[in-house]
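Student: The chain contents come next:
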Amino acid sequence: MTQESAPNKPPIQQPLPLAFVNGEAMIDKPEDLYIPPDALEVILEAFEGPLDLLLYLIRKQKFDIVNLPVLQITQQYMEYVEVMKEIKLELAAEYLLMAAILAEVKSRLLLPKRADVDEDEDDPRAELIRRLQEYEAIKIAAQEMDALPRMERDVFTASAEPNEQVAPIKIQPEVSLQDLVLAFQSVMKKAKAFEHHQIEREVLSTRERMSRILELLNNHNYLGFETLFLVSEGKAGVVVTFLAILELVKESLVELVQAQPFSQIHLKLREAEEDAWQG
Amino acid sequence: MARLTHEQLKQIVEAAIFVADQPLSKEKLQSTVLDGLKVSNKKLDAALAELTLDYAPRGIQLIEVSSGFRFQSVDSLSHWLSKLWQEQAPRYSRALLETLSLIAYRQPITRGEIEDVRGVSVSSHIIKTLTEREWIKVVGHKEVPGRPSLYATTKGFLDYFGVKSLADLPPMQTIEVLPELEQQQQDEQRLKTVAEQIESDTVSQDSASDLAELGPNKEQLH
Amino acid sequence: MARLTHEQLKQIVEAAIFVADQPLSKEKLQSTVLDGLKVSNKKLDAALAELTLDYAPRGIQLIEVSSGFRFQSVDSLSHWLSKLWQEQAPRYSRALLETLSLIAYRQPITRGEIEDVRGVSVSSHIIKTLTEREWIKVVGHKEVPGRPSLYATTKGFLDYFGVKSLADLPPMQTIEVLPELEQQQQDEQRLKTVAEQIESDTVSQDSASDLAELGPNKEQLH
Chain Z
1 MTQESAPNKP PIQQPLPLAF VNGEAMIDKP EDLYIPPDAL EVILEAFEGP LDLLLYLIRK
61 QKFDIVNLPV LQITQQYMEY VEVMKEIKLE LAAEYLLMAA ILAEVKSRLL LPKRADVDED
121 EDDPRAELIR RLQEYEAIKI AAQEMDALPR MERDVFTASA EPNEQVAPIK IQPEVSLQDL
181 VLAFQSVMKK AKAFEHHQIE REVLSTRERM SRILELLNNH NYLGFETLFL VSEGKAGVVV
241 TFLAILELVK ESLVELVQAQ PFSQIHLKLR EAEEDAWQG
Chain X
1 MARLTHEQLK QIVEAAIFVA DQPLSKEKLQ STVLDGLKVS NKKLDAALAE LTLDYAPRGI
61 QLIEVSSGFR FQSVDSLSHW LSKLWQEQAP RYSRALLETL SLIAYRQPIT RGEIEDVRGV
121 SVSSHIIKTL TEREWIKVVG HKEVPGRPSL YATTKGFLDY FGVKSLADLP PMQTIEVLPE
181 LEQQQQDEQR LKTVAEQIES DTVSQDSASD LAELGPNKEQ LH
Chain G
1 MARLTHEQLK QIVEAAIFVA DQPLSKEKLQ STVLDGLKVS NKKLDAALAE LTLDYAPRGI
61 QLIEVSSGFR FQSVDSLSHW LSKLWQEQAP RYSRALLETL SLIAYRQPIT RGEIEDVRGV
121 SVSSHIIKTL TEREWIKVVG HKEVPGRPSL YATTKGFLDY FGVKSLADLP PMQTIEVLPE
181 LEQQQQDEQR LKTVAEQIES DTVSQDSASD LAELGPNKEQ LH
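Protein chains in written order, with our numbering: chain Z, 1 to 279; chain X, 1 to 222; chain G, 1 to 222.
Think of the hints as simulated: they come from the structure by calculation, not from any bench. Virtual Cβ for every residue (Gly too), placed ideally from N, Cα, C. Do not take every clue at face value.
Unchecked claim - Over 10 angstroms on every C-beta distance to chain X, these chain G residues come out as not near it, computed from the model:
#1 GLN11
#2 ALA15
#3 THR52
#4 GLY59
#5 SER67
#6 SER73
#7 LYS83
#8 GLN86
#9 THR110
#10 GLU113
As the list claims (entries may be wrong) - Derived lysine-lysine pairs resembling DSS-like cross-links, with alpha carbons at most 30 angstroms apart:
#11 G:LYS83 - G:LYS155
#12 X:LYS38 - X:LYS26
#13 G:LYS10 - Z:LYS268
#14 Z:LYS170 - G:LYS38
#15 Z:LYS250 - G:LYS155
#16 G:LYS42 - G:LYS83
#17 X:LYS164 - X:LYS26
#18 G:LYS155 - X:LYS164
#19 G:LYS164 - Z:LYS235
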């Protein structure tokens with residue numbers, strides 16, 4: 001077989017026989033299929049199996065499936081299968097099975113009909129016809145599906161960028177009050193293990209007030225001592241504030257400033273001794 | 001929060017569909033961008049319908065696919081738009097498309113049943129490709145020897161082919177009415193198919209719920 | 001190829017910008033979707049200008065960035081659109097909870113002091129997480145070498161845990177030594193002493209006006 005023909009050569013320029021069978025037999029290539037002579041397995045690829053090949057043969061001869069002319073079809077089918085056997089036997093197994101089915105149908109049709117059998121029930125072609133029709137329906141459905149406008153080929157997703165201000169919302173983990181208390185208990189237990197560190201008990205409201213006074217001092221350079229006491233908070237509030245101030249002074253966080261005896265006392269944040277830390 | 005005007009609602013819905021990574025369903029719109037805004041479904045429908053109309057004459061369109069709404073380019077522009085990419089869109093073999101069609105129209109279906117209809121074996125490569133593209137998934141196992149997987153199509157499949165549900169796929173050509181002599185056989189076959197369907201309905205909870213989803217399309221499963 | 005109408009040009013340009021993965025420059029438009037269509041730059045400019053106007057009232061807009069044109073959601077919608085993306089943050093670590101509890105119960109407190117109690121260093125990540133959640137903040141600096149920040153809890157922290165003040169947090173039971181009764185007595189004694197001291201002072205006229213001045217901060221003192 002000649003090698004000069006490139007696979008992309010138009011089929012009409014190929015006068016060569018499609019294949020040699022048993023040394024000399026040859027068959028025409030299907031009129032509407034291009035099969036390069038040096039790649040006969042393309043037959044197998046061009047058809048999606050024996051049903052597809054049978055359908056092709058039926059449609060090509062303009063036969064009606066329902067009146068499947070088993071004899072002609074079987075003959076044509078066998079020619080193709082002969083070619084396949086020559087070239088690539090292992091690919092032809094499914095086609096051979098169909099050949100056997102066709103042969104069986106053919107032989108049953110040739111048998112004389114028995115009068116006592118209801119002929120309606122026993123057309124040997126029925127199962128094959130059903131399969132051909134079912135396959136054809138799927139074949140057409142696949143073609144129609146292929147024709148549907150689809151992503152990447154016919155339509156493309158249209159999208160816009162979110163504005164830079166669009167930021168994902170984080171769903172924060174939940175924490176219960178109990179989690180917090182348990183964590184504190186555990187940390188305190190651990191702290192006890194480090195015996196060198198002493199934990200002293202403090203009234204919480206005092207610690208809270210310490211935080212608030214520091215916050216206020218961040219916004220005001222000086223705060224009048226008295227301004228921190230609110231009559232509306234009652235005695236207890238006043239005490240808490242006072243203790244907080246004492247604690248802040250003790251921890252060297254704030255200082256009390258009095259310009260002269262009996263003048264107003266002011267609180268201010270303890271001056272940073274900047275120079276001391278820069279070295 | 002102050003009530004949204006109709007125009008604001010349209011703007012939010014429009015922008016959300018454009019910036020989202022996936023098609024947005026009405027439920028998703030309500031639970032995200034419209035959360036807390038008390039927009040009735042009727043108003044949302046109206047906004048979506050108006051947006052669809054707004055875009056009708058444009059180069060892109062608002063369409064509803066299986067998993068929600070998305071904007072997509074107009075079909076007729078694909079020739080020009082495909083020049084934006086160096087690579088060609090993937091082409092799919094007939095074998096793959098036939099396998100996919102069988103799964104779409106006859107789901108849930110086993111590989112053996114696909115092979116019966118096509119008359120050839122289905123390559124593992126095809127099943128792998130379809131699974132990796134997330135067009136098909138295993139929804140259960142058929143209670144026959146070997147417990148073969150039952151395949152069904154996914155929402156992603158419908159999205160890709162731009163349809164809302166299986167019922168929107170082109171109707172499958174019904175098998176021609178056979179001469180009377182085969183009618184009985186056909187009936188038997190039909191019965192068998194229905195029986196199998198019922199059987200597979202009970203296969204697993206998963207597939208049962210998937211089938212429920214398919215409800216309106218049942219007639220296509222014949 | 002037949003000449004494009006103005007509307008066709010707009011549609012192609014619009015769809016191209018929408019479907020492209022990157023902003024599209026005029027050059028890129030000319031070399032891809034408009035390749036071979038002989039569209040003058042003037043016409044392209046006109047189409048882009050019209051599209052910009054078309055989208056002006058919509059939820060997304062056509063804008064030009066350095067690498068070309070793209071569609072982008074409108075500023076004013078950002079608040080709603082953010083809800084499209086929600087991430088579940090990982091659960092808090094034990095270290096974070098312990099740090100938070102120390103800041104709650106021992107505030108104002110420095111990082112060094114937390115480390116002293118916990119016996120291990122406190123990661124910056126923890127402080128950052130707690131600060132971002134607006135549960136803690138810096139209320140000052142301790143005047144020791146390095147001027148470390150003093151951390152305290154916020155009003156947001158109290159709100160989250162549903163307590164009115166820190167005093168309403170569960171008492172720290174494990175803190176050894178003093179039996180409850182003794183502690184209580186001690187507290188009462190302390191209060192009494194201080195209260196008496198303060199009562200004996202006369203509040204000056206001046207401080208009344210100072211208190212008024214402090215007005216806006218009142219709630220911060222609670």
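Student: So, for every hint listed, does it hold in this structure?
Tutor: Tested hints:
Residue-level check failed: GLN11 of chain G sits 3 angstroms from the nearest beta carbon of chain X, not beyond 10 angstroms. Non-interface call for ALA15 of chain G relative to chain X: violated, since the shortest CB-CB distance, roughly 4 angstroms, does not exceed 10 angstroms. Every beta carbon of chain X lies more than 10 angstroms from that of THR52 of chain G, the smallest distance being close to 14 angstroms; the non-interface claim holds. Not every CB of chain X is more than 10 angstroms from the CB of GLY59 of chain G (nearest about 3 angstroms), against its label as outside the interface.
With a least beta-carbon separation of about 15 angstroms from chain X, SER67 of chain G lies farther than 10 angstroms from that chain, consistent with its non-interface assignment. Distance to chain X contradicts SER73 of chain G as a non-interface residue, since its nearest Cβ pair spans about 4 angstroms, not more than 10 angstroms. The non-interface label for LYS83 of chain G is inconsistent with chain X: the shortest C-beta to C-beta separation is roughly 4 angstroms, within 10 angstroms. Distance to chain X contradicts GLN86 of chain G as a non-interface residue, since its nearest Cβ pair spans about 8 angstroms, not more than 10 angstroms.
With 10 angstroms as the threshold on Cβ separation, the claim that THR110 of chain G sits away from chain X holds: the shortest Cβ distance comes to roughly 40 angstroms. With a least CB separation of 42 angstroms from chain X, GLU113 of chain G remains clear of the 10 angstroms interface cut-off, as annotated. Pair hint LYS83 of chain G plus LYS155 of chain G holds up; C-alpha atoms about 26 angstroms apart against a cutoff of 30 angstroms. Between the alpha carbons of LYS38 of chain X and LYS26 of chain X the distance comes to roughly 13 angstroms, so the proposed pair stays at or under 30 angstroms and holds.
Distance restraint check for LYS10 of chain G and LYS268 of chain Z: the Cα-Cα separation of roughly 68 angstroms exceeds the 30 angstroms cut-off, and the hinted pair is therefore not satisfied. Taking the CA atoms of LYS170 of chain Z and LYS38 of chain G, the gap is near 49 angstroms; set against the 30 angstroms cutoff, the hint is violated. Between LYS250 of chain Z and LYS155 of chain G the alpha-carbon distance is near 26 angstroms, which keeps this suggested pair within the 30 angstroms criterion. Distance hint between LYS42 of chain G and LYS83 of chain G is unfulfilled; the C-alpha atoms sit about 41 angstroms from each other, more than 30 angstroms.
Of the pairs offered as hints, the one joining LYS164 of chain X and LYS26 of chain X holds, with about 13 angstroms between alpha carbons and a cut-off of 30 angstroms not exceeded. Taking the CA atoms of LYS155 of chain G and LYS164 of chain X, the gap is about 50 angstroms. The hint is violated against a cut of 30 angstroms. A C-alpha spacing of about 19 angstroms is found between LYS164 of chain G and LYS235 of chain Z, which places the hinted pair at or below 30 angstroms, so the restraint holds.
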